[in-house]
Amino acid sequence: GAGVSQSPRYKVAKRGQDVALRCDPISGHVSLFWYQQALGQGPEFLTYFQNEAQLDKSGLPSDRFFAERPEGSVSTLKIQRTQQEDSAVYLCASKSAGDSETQYFGPGTRLLVL
Amino acid sequence: GDSVTQMEGPVTLSEEAFLTINCTYTATGYPSLFWYVQYPGEGLQLLLKATKADDKGSNKGFEATYRKETTSFHLEKGSVQVSDSAVYFCALSDLIQGAQKLVFGQGTRLTINP
Numbered sequence: 710g711a712g713v714s715q716s717p718r719y720k721v722a723k724r725g726q727d728v729a730l731r732c733d734p735i736s737g738h739v740s741l742f743w744y745q746q747a748l749g750q751g752p753e754f755l756t757y758f759q760n761e762a763q764l765d766k767s768g769l770p771s772d773r774f775f776a777e778r779p780e781g782s783v784s785t786l787k788i789q790r791t792q793q794e795d796s797a798v799y800l801c802a803s804k805s806a807g808d809s810e811t812q813y814f815g816p817g818t819r820l821l822v823l
Numbered sequence: 025g026d027s028v029t030q031m032e033g034p035v036t037l038s039e040e041a042f043l044t045i046n047c048t049y050t051a052t053g054y055p056s057l058f059w060y061v062q063y064p065g066e067g068l069q070l071l072l073k074a075t076k077a078d079d080k081g082s083n084k085g086f087e088a089t090y091r092k093e094t095t096s097f098h099l100e101k102g103s104v105q106v107s108d109s110a111v112y113f114c115a116l117s118d119l120i121q122g123a124q125k126l127v128f129g130q131g132t133r134l135t136i137n138p
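Residue numbers (the working numbering), protein chains in the order written: chain A, 710 to 823; chain B, 25 to 138.
Derived from the structure by calculation, the hints contain no laboratory data. Think of the CB as a built atom: it goes at the ideal place given N, C-alpha and C, for glycine as much as any other residue. Hints are not guaranteed to be accurate.
Each pair of labels, with its calculated beta carbon distance range [what the hints assert, rightly or not]:
#1 A/GLY768 / B/GLY102: 36 to 44 Å
#2 B/GLN69 / A/GLN750: 12 to 20 Å
#3 B/GLU100 / A/LYS766: 31 to 39 Å
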């Protein structure tokens, strides 16, 4: 079946611009995660949803970052007033209720802020 | 907080060589441990996992054993192939603490030469 998809795959933004990154999880997966992966580093947790509820947003680096999942399926990560340090790959992952351990990752969105 | 430390890369080996990538962790609870792999141009894929002490995860000829006494989860393969060239990430998920997120190491880039 279809895996996790993300769009756009690449985004170039000018400093100060707002961006929105989309994640389509595997159908039926109740848990959804966002991670940020800087160049040459491992992914770092940003936020977590169970259905439409945002249960953990402890990893969001500033109040410029906002995530939503209004219908418990597709999620959007929004970054306002982008800064150069926001340049990274943003990864989305989903997990089913039955498998309590394994997260399935999308291909990521590579964001470059100029 | 929880953390994962991986062997520094990059690692370059010849085909059919023996591979070890070291991984140690720090956690306050009872984490599950994972190895994820990122092939060039692709997203993160789960390679193997172990959920409790002394469990051995295995897949595609790779193995890792959950060693609670040494807080380690080293990845091994007896005979590597060129197709194993990728970036490997060790990670933990501490569900007992209620944290659903994955905590990753910094990644180890592996190159296998024919």
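Those earlier numbered hints the structure runs against, lowest number first: none
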